[in-house]
Amino acid sequence: MNEKPKKPLKPGVCHSWEEKRKEYEEIRGDENVVKEQHEWFDEQLYQFLWLMVSHY
Amino acid sequence: MMSKNKEELYQERMNRYYTAMQNEKPDKVPIRAFVAEATGNIAGMNNQELTHVAQNAFDAAFETFKEFDWDAAMANAVNLWTGMTESYGTTYYKVPGIQLDVHETFQFIEPTTDEKAMLRPDEYDRFIEDPNEFVLNVWVPRASKYFLGPGSKNTTYNNMAWLKAGAGMVTFFNMIGTQVERMRRELGLVSAISGALKAPFDIMADAFRGFRGVSNDLYRRPDKLLKAVEAVAPHMKYVALSGADPEKKVPICLWMHRGATGFFSKEVVKKFFWPTLREITEEIYAEGHQIIYYAEGKWGKDLDLFLELPEKSIVFHCDKDDIFEVHKRIGHKFAISGGVPNDLLAFGTKEEIRSFCKKVINEVALDGGYIMDAEALMQNDTKYENLKIMTDACNEYGVY
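Protein chains in written order, with our numbering: chain W, 3 to 58; chain L, 12 to 411.
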């Protein structure tokens, strides 16, 4: 995904679940499991970005 | 009498540290040491070895902790791993052992023109609309010679840089967790802080516009600067709370500097620096977390602003302010830490150090609410012997 998100990203989010969900035609199992893992990894990126910023 | 086990010692020290931070009187004055490159003097490492190899910094800190009877310490105050930042090509540091002599401390490179700033003047609107998007797509590519922005032709170095950065960050946070646990288990020592915060205005002046840029913006585009400060504030609060102590005992640390006397006027501080920081502080305290206002430099002109905060919400750390004056003005509301001059720890005599520590204890710590520490992070000019003298003096004079 290279495009600017349509809505401002809130703290903790780089790639919203709303946007990520569009990549899946179907989630056959528990969607919450997929969502939570996506959000965990996404938050690791968020923390890394602002760690870089804060250390400047 | 049975000697204490390490967990009992830990609980005793935590209680002492926490009580003092609540502006109350514990059994004795706690010592909380922010030892940075000074650990290299004790462990026999230079600044390149400490800064470029993170495990060295953690090991040197632990070796140092074993030497002193402290209540709390920062798990690793050499808070930069240049081996990691070099792996993904960071552009804004001078590194000991690369651009700098092995004994020098890492340096930040300030942008000297708008063209070199991470946020250029015509990009303010994009930043204000969504700071996170700006950091991801614009700031990071500028901060590294490998990371690429959207639309660029990809390179192997870009791919490698992202993976290395991720691996490095996970490794570093694991090292912190291991160190904190080891401090408790093997030494009964409290990890002094949990979570870090920077004032939104300081972030603008440090990471986005630079000092020159912000100075110009105050006159040329003050409304945009203020909106940018307000836009970045929720991100500062989020990051601080995400690292906060779940037990709500150990405070978050706010590293303050741009609002200090000599940089910007009181009027600038009141309008650009203070409102968002006050709001963040109040919101964080409402969730049960104290904040150490690590007030680097002199902040005497702004103590009246800090008095607006809820009682006990902060621990005010004295660097260049007169700690005795600070105590008179705000000691009734907030605990105070620091104030022992780094100069004394570098060059002072035994008598000078003991005399100063005794005066601080007798005047500032009289009714509790004081935590002993140096004015600023202890770097490699700190003498081991002088640190011992400060520690012994506090443990001798500081018993209530």
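Please note that the accuracy of each hint is not assured.
If you only want the chain L side, here are some residues facing chain W, beta carbon under 7 angstroms, derived [as the list claims (entries may be wrong)]:
id: 1; residue: E35
id: 2; residue: A218
id: 3; residue: H246
DSSO-like mimics (lysine-lysine), calculated; alpha carbons at most 27 angstroms apart, straight line [unchecked claim]:
id: 4; chain 1: L; residue 1: K235; chain 2: W; residue 2: K9
id: 5; chain 1: W; residue 1: K12; chain 2: L; residue 2: K344
id: 6; chain 1: W; residue 1: K22; chain 2: L; residue 2: K127
id: 7; chain 1: W; residue 1: K9; chain 2: L; residue 2: K248
id: 8; chain 1: W; residue 1: K12; chain 2: L; residue 2: K282
id: 9; chain 1: L; residue 1: K369; chain 2: W; residue 2: K12
id: 10; chain 1: W; residue 1: K12; chain 2: L; residue 2: K238
id: 11; chain 1: L; residue 1: K281; chain 2: L; residue 2: K36
id: 12; chain 1: L; residue 1: K235; chain 2: W; residue 2: K12
id: 13; chain 1: L; residue 1: K369; chain 2: L; residue 2: K281
id: 14; chain 1: W; residue 1: K9; chain 2: W; residue 2: K24
id: 15; chain 1: L; residue 1: K235; chain 2: W; residue 2: K37
id: 16; chain 1: L; residue 1: K238; chain 2: L; residue 2: K39
id: 17; chain 1: W; residue 1: K22; chain 2: L; residue 2: K248
id: 18; chain 1: L; residue 1: K175; chain 2: W; residue 2: K37
id: 19; chain 1: L; residue 1: K164; chain 2: L; residue 2: K127
id: 20; chain 1: L; residue 1: K323; chain 2: W; residue 2: K12
id: 21; chain 1: L; residue 1: K164; chain 2: W; residue 2: K22
id: 22; chain 1: L; residue 1: K323; chain 2: L; residue 2: K309
id: 23; chain 1: L; residue 1: K164; chain 2: W; residue 2: K24
id: 24; chain 1: L; residue 1: K259; chain 2: L; residue 2: K127
id: 25; chain 1: L; residue 1: K77; chain 2: L; residue 2: K323
id: 26; chain 1: L; residue 1: K77; chain 2: W; residue 2: K9
Since the hints were derived computationally from the structure, they do not count as laboratory data.
Source: prediction; values computed, not measured.
Every residue, glycine too, gets a C-beta built ideally from N, C-alpha and C.
Verification of the supplied hints:
no., hint, result
1, E35, "violated, 32 angstroms"
2, A218, "holds, 4 angstroms"
3, H246, "holds, 5 angstroms"
4, K235(L) / K9(W), "holds, 20 angstroms"
5, K12(W) / K344(L), "violated, 34 angstroms"
6, K22(W) / K127(L), "violated, 34 angstroms"
7, K9(W) / K248(L), "holds, 20 angstroms"
8, K12(W) / K282(L), "holds, 25 angstroms"
9, K369(L) / K12(W), "violated, 49 angstroms"
10, K12(W) / K238(L), "holds, 16 angstroms"
11, K281(L) / K36(L), "violated, 33 angstroms"
12, K235(L) / K12(W), "holds, 20 angstroms"
13, K369(L) / K281(L), "violated, 36 angstroms"
14, K9(W) / K24(W), "holds, 15 angstroms"
15, K235(L) / K37(W), "violated, 36 angstroms"
16, K238(L) / K39(L), "violated, 46 angstroms"
17, K22(W) / K248(L), "holds, 25 angstroms"
18, K175(L) / K37(W), "holds, 25 angstroms"
19, K164(L) / K127(L), "holds, 22 angstroms"
20, K323(L) / K12(W), "violated, 30 angstroms"
21, K164(L) / K22(W), "holds, 24 angstroms"
22, K323(L) / K309(L), "holds, 21 angstroms"
23, K164(L) / K24(W), "holds, 26 angstroms"
24, K259(L) / K127(L), "violated, 41 angstroms"
25, K77(L) / K323(L), "violated, 31 angstroms"
26, K77(L) / K9(W), "violated, 51 angstroms"
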